[in-house]
Amino acid sequence: QYSDGKVKIGVLTDLSGTYSDLAGKGTIVAAQMAIDDFGGKLNGQPIELISADHQNKADIASGIARKWYDTEQVDAIAELVTTAAAIAVREVSKEKGKIDLVSGAASTPLTNDKCSATGFHWTYDTYALANGTGDAVVKNGGKTWFFLTADYAFGHNLQAQTEKVVKANGGTVKGSVKHPFPNSDFSSFLLQAQSSGAQIIGLANAGADTINAIKQAKEFGITQAGQSLAGLLVFITDVHSLGLENAQGMMLTTGFYWDMDDQTRAWSKRWSEKMGGGKMPSMVHAGTYSQVLHYLRAAAAAKTDEGIKVADEMRKLPINDFFAKNGKIRADGRMVHDMYLAQVKKPSESKGPWDYYKIIRTIPGDTAYQPLSESTCPLVKK
Amino acid sequence: MAEPEILLSVRDLHAHYGESHVLHGMSFDVPRGEVVTLLGRNGVGKTTTMRSIMGIVGKRAGSVKYQGTETIGLSSNRIARLGLAFCPEERGIFSSLSVKENMVLPPVIKPGGLSLDEVYQLFPRLLERGSSQGTKLSGGEQQMLAIARILRTGADMLLLDEPTEGLAPVIVQHIGDIIRTLREKGFTILLVEQNFHFAATVADRHYVVEHGQVIDMIPNESLAANMDKLKSYLGV
Amino acid sequence: MNNIQVDVETGKTPTQVRRTRSPQGGVRMGDDLIVETRSLTKEFKGFVAVSDVNLKVRRHTIHALIGPNGAGKTTCFNLVTKFLTPTRGQILFNGNDITHTQPAAIARQGMVRSFQISAVFGHLTVLENVRVALQRKQGKSFQFWRSGECLNELNARAEELIEAVGVAEYRDTPAGELSYGRKRALEIATTLALDPEMLLLDEPMAGMGTEDVRRTAELIRRVAANRTILMVEHNLSVVADLSDTITVLKLGRVLAEGSYAEITDNPEVVEAYMGAGHGGAGHG
Amino acid sequence: MTLPSSVSSRQKPFVLALLGLGLVLPLAVYPVFLMKGLCFGLFAAAFNLLLGYVGLLSFGHAMFFGWSAYVTAYAAKEWGLTPELAILLGVALATALGAVVGWLAIRRQGIYFAMITLALAQLGFFVAVQAPMTHGEDGIQGVPRGMLFGLIDLSNTMAMYYFVLAVFVLSLLFLHRVVNSPFGQVLKAIRDNEPRAISLGYEVTRYKLIAFVLSSAFAGLAGSLKSLVFQLASLADVSWHMSGEVVLMTLLGGVGTVLGPMVGAFLVVAIQDFFAGIGSWVIIIQGIIFVVCVLLFRSGMIGVLAPWLKRRGITG
Amino acid sequence: MMTILGIPTQALFGQLLLGLINGAFYAMLSLGLALIFGLLNIINFSHGALYMMGAFVAWLALNFLGLGYWGALIVAPLVVALVGIVIERTMLCRLYKLDHLYGLLLTFGLALIIEGLFREGYGVSGQPYSVPSALAGGWNLGFMFLPIYRGWVVVASLVLCLGTWYAIEKTKLGAYLRAGTENPTLVQAFGINVPLMITLTYGFGVALAAIAGVLAAPIYQVSPKMGSDLIIVVFAVVVIGGMGSIMGSILTGYMLGIVEGLTKVFYPEAASTVIFMVMVVVLLIKPAGLFGKGA
Ligand SMILES: Nc1ncnc2c1ncn2[C@@H]1O[C@H](COP(=O)(O)OP(=O)(O)OP(=O)(O)O)[C@@H](O)[C@H]1O
Ligand SMILES: Nc1ncnc2c1ncn2[C@@H]1O[C@H](COP(=O)(O)OP(=O)(O)OP(=O)(O)O)[C@@H](O)[C@H]1O
Ligand SMILES: CC(C)C[C@H](N)C(=O)O
Ligand SMILES: [Mg+2]
Ligand SMILES: [Mg+2]
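Protein sequence lines, in the order shown, are assigned to chains A, B, C, D and E. The first sequence runs 1 to 382 under our numbering. The second sequence runs 1 to 236 under our numbering. The third sequence runs 1 to 284 under our numbering. The fourth sequence runs 1 to 316 under our numbering. The fifth sequence runs 1 to 295 under our numbering.
None of these hints come from the bench; they were simulated from the model. All of these numbers come straight from a predicted model, not from anything done at the bench. Treat the hints loosely; a few may be bogus.
Result set (EDC-like, lysine to aspartate or glutamate): computed pairs, CA atoms no more than 20 Å apart in a straight line [stated by the list, open to error]:
1. D:77 with A:95
2. C:137 with D:194
3. B:231 with C:211
Label-pair distances were calculated between CB atoms; the ranges are [said to hold, decoys possible]:
4. D:271 with E:142: 53 to 61 Å
5. C:215 with B:24: 20 to 28 Å
6. D:206 with B:95: 22 to 30 Å
7. E:63 with A:141: 37 to 45 Å
8. A:174 with E:141: 20 to 28 Å
9. B:6 with D:107: 56 to 64 Å
10. E:16 with D:270: 47 to 55 Å
11. C:94 with B:135: 31 to 39 Å
12. B:24 with C:152: 37 to 45 Å
13. B:225 with C:169: 30 to 38 Å
14. C:271 with E:159: 52 to 60 Å
Which chain A residues stay away from chain E? Per the calculated CB distances, all over 12 Å, these [claimed, not checked]:
15. 33
16. 67
17. 97
18. 270
19. 313
20. 340
21. 372
Where a beta carbon is used, it is the ideal one built from N, C-alpha and C, also for glycine.
With the hints as extra help, turn the sequences into a complete structure.
Have a look at this one:
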């Protein structure tokens, strides 16, 4: 039974702010591709897409979500970069019994105390990042750490997760500094990191902040002097804007890389053509495609667009597409799939535009994500 | 004696402030080397006439010729460069400049003006207060400064709008002396005055203004004879 | 004003009172001082604008303050009304020391000033200008919850005042649109609305045409009936005509004091202020 | 800036028509949108009391709006207070903050006043970022609307709407009253010529302070309402962008008019709402609208409309 | 090792120096802003956007014209000044008689448009711009490693600021500018072409912003947001220095850079707020700012 004779998906993302490159318009394109690939119709009902800009603000996000549910007959909201916006939408979705599909936001509360029966977290999270990059770096010998942390929920969350991993692997944390968000001049913080003597400077921030920190570390000769940077959340768009010269050698954890196999290359090429401008998709773009496609499949199987029923169906169906191989959704809403530990190529290794990563290893989904046993989500029966 | 050269000739001058039509066809002449006054009650358009000559009124029409050059349509800086200098009724002292800076602000546009020393000789008080902020001067001192600063510029024609307002009698007399001195030096002066007793001591001729028009011209020598007429014009 | 008041003590109308003491400038008229300054001094960054001035203004007189430009007259005004803080010295009003009182409080004690540059409330109508002053005494000014209608009870008095200064026909015109002379008149009406004991007028005639000067002088004379006025004015005929006592300032100090006749006989004053051919009284 | 005479005092029928519109509009227009407009309209009206009638530009009004929103949200969510109590608490805080900020700022003028209010608001913002109770970026989410007076269930959108409308109308009437009260008359006088007002015996700082406190209290009321409508109080509410937005709304609508701020608020909210879907172009379009408004309608929308309304008032 | 409040003195020196470098940008930007406010009585909200435009012009020149850093240092200010002149001639010049709020609103709108267009065109992540080879590398000062480029920024900004200050305060031009602010009509009636002077001043003010943008390009990313992040801080600098005081805004720029730098050490979370704390304190004690006249 489909309400009002159609299925409607809303992509709510950052179209104008800091995250509009790594998410933004590209996620709308990705969602539209999913709808097209699904055939544009769901059991004879047309599938519609609408989108809006939440400017990374919780209040705007919640306002739009409410309006979509109330007046636009939207059945599911996808993407949701920025944790604050994602949580705001989750509150509304929960109240209205509708589905939210988080791709861009990173923080783990989305699948812990903020979890919901109709809410899903798709592409990556801070736990997986910490677990991937943190673990790899410590095992490569980076035992002592100093954190530059963006002073907001996501940064705190990412630092905390990474600290846990570092300590669990026998490393120590020599200190940390919380920098304002956003921030453009990192020289002072880098100097503090330098004088701490830590081997690794962990960047618990994202986007422009990470980019600037990395550039300036190079400028101040921090890396030459023997300390290494660990970007805990680095998107391919960040690497692109840093340039390989600045980014080479960096380890990072990602949920997707366009140049992994034929499927990923094929999809990415299609996406790139639709986007124009010779860009390649980030993991958030790919994740959005995957989540929308999975939602449609589940809605088709459930033969309804009623939130709870579709959500149940989504948990039942396995996910198998170019983005996630053997992905599955857990009780807490986490979509568990393989993550990849990658290293940024040297300029000499790169054969063309956007040829940026070497995949070092695959981190199997089961070990990449927070074990269900640690989840504080009330939906998880223990 | 030959007819004196007409330095400034105003013909059928109209001026507006927004919607309100203030000058309704002013016409008068200022011969070179004379001191000419505009007399009239409050609000008849004396100041507006001066502002129109300088080109700083919103809308003006008619003809104002200075040394034969038509100035309607010129911007005020161009008009000033022809050799006119204006001392406004509200004095226009700049608070962000010191007294000294106020003094030297108007650019010298031609040779022939007074030197700074000469100016200070006329107004010694301004030298004493030179470093003070312009608008911190007393009302009367500001008036002196406003007159003093345009004497340096070399303009041949000075437009003085109520230069004696708010001045002590002794200074008023002093200003009278200065105007006479300037006249001797060859300056041409257009003067607006409320105090026609004062005007009588300095001027060559008087134009009486009413309702934005010149309604009469009284040469100074026949002022005494025309006193009753003048008093009735001015409502005294 | 129509209701000329009768001096309680003498039973004479104020004009009569003034007559009786005017000829000698009333210097002997005793010690009923309304304002007194003691060694009043004001320095601006090392420049002494007012220096050691002892001013004594007697009740129910018109006291003029004259002097060359920059002598410190306006500064004295500002000090007495506390718009400036004196560097040294003391100010007494009705025997109370007001050296440390706030300007608004001084106004409430009955000493109100006008400004050298005309001061009206440009966006308020003529009637409202006067009502704002009346309202202060009415005591409702903090009542933000009351309707403005309650101010209408002041209209009658306000109309009386604007009638008295001759601007009644502009009752509902915004004050900003009045001509200069009428603004000054309105300012006086507003000041009178406070029914002050003491009025300070800074160059009330400045910039007025001859006809307005005469009208305003008349007005000042009328309102002086049962008040004290301290006035700065350069128009000597007005000063001669109106004032009981004149204080001449020069370079911040008192140069001379006395009646008009006494002042004009003082060669120092003539030299510093009136100038050689002081036909001053003839002006206007 | 000029003070166009108030439109509504002479035009009761017009105001009644507007009120009628307010009553039936939610049947046609999405009520949450209307509520947002009303909340911001109230915010702008409160701000306008200060800018339009005292001539003080506060660049920190988000502080009152935002902190009141936080307190209301916290009280409703964590302590389970009824909405009216939660709002009261928020407004009380805004009033107190207003008294403190006003006391510090009121002696400054022009740009300095604007900047000191901005600076104090930034300190308020800093506290909001750091304090645990505000939950940083996430804000206080999922605020229950609760039962008004224990009787009316505000989670019903229509109930909420009429509640907001009632508060809005009463507040606007009150603000209108303030402007036209004896107190308002003194404010106008102070604005025109402060030294003269002092010389008449008015303690101008006291009047300004009262106006400031009133303004912050109503800004707070608007914030409290907003936090209940959207069930969310967040950093956006206390940031300088919000302070800037209210300036925009007021200027766009028309400073010193009763209806202007409301019109401006609805305009801005509608632009944001209408163009939200087109991404970064929304910002460009917003920019173009500001530029056009400044160049074409300097006195604000109402300033342009007022003569037209007046004409209608005369003919009809 | 000596320490102050638990921080080694050596490290503290480093932080002071870094603060000074940031201050160099504040000084350049607030100087232009103060100049424009001083003369046009307009609070130029688009100053940040034009700073960003300066950086972008440099980047575009490099990528599309092959014009390097040094060329950009000349071309970018010219281009931006031209844009500024067009803005002034077509829009701002209609606002001078109005309250300066309208100027604020208009330039705010322009800032949104300019920023939005660059974001549409080039995304938000920012574009890389490398340090010119002549200025690459750094000096080891013992207590810190100082990139040569940052040293150059400080020197360049000092020269620009002092030069501008001299031109404005010590020459006749400055007196015209200040007088023109107060009473343009009268100054024009003295024979000075005030509209031209105003236009050129606006052009010069935004050209300063553009130079700052080019100087910033190799340090920060060239990104559309780089200006709006900075603008409020720069306002604060101008106000703390005292509106209209050229020297005030220059000195305050450097000083606040240092204060901010120290805050980053002792209480990093407050680094972006400390300027407002300073502003509150300064305005309460000195109502017209540190170097402001009057009051
Ligand atoms: N800026 C203005 N806007 C509108 N009307 C004005 C303006 N300035 C002057 N007026 C009007 O124009 C008329 C002429 O004014 P003007 O100043 O020329 O008179 P005036 O003869 O110089 O008077 P006064 O002796 O008082 O100086 C007056 O009625 C005045 O009200
Ligand atoms: N705020 C101030 N700062 C510095 N100097 C000042 C200040 N106010 C006044 N002065 C100086 O003090 C002196 C006295 O000024 P005041 O205004 O009292 O003169 P006045 O007697 O009223 O003159 P006038 O008749 O010209 O109005 C003047 O020389 C003036 O320059
Ligand atoms: C880095 C971003 C894509 C994620 C965002 N900062 C968050 O809060 O989750
Ligand atoms: Mg005049
Ligand atoms: Mg004086």
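Inset, instruction - Against the structure, test the hints numbered earlier, and report the numbers of the ones violated in rising order. - result: none
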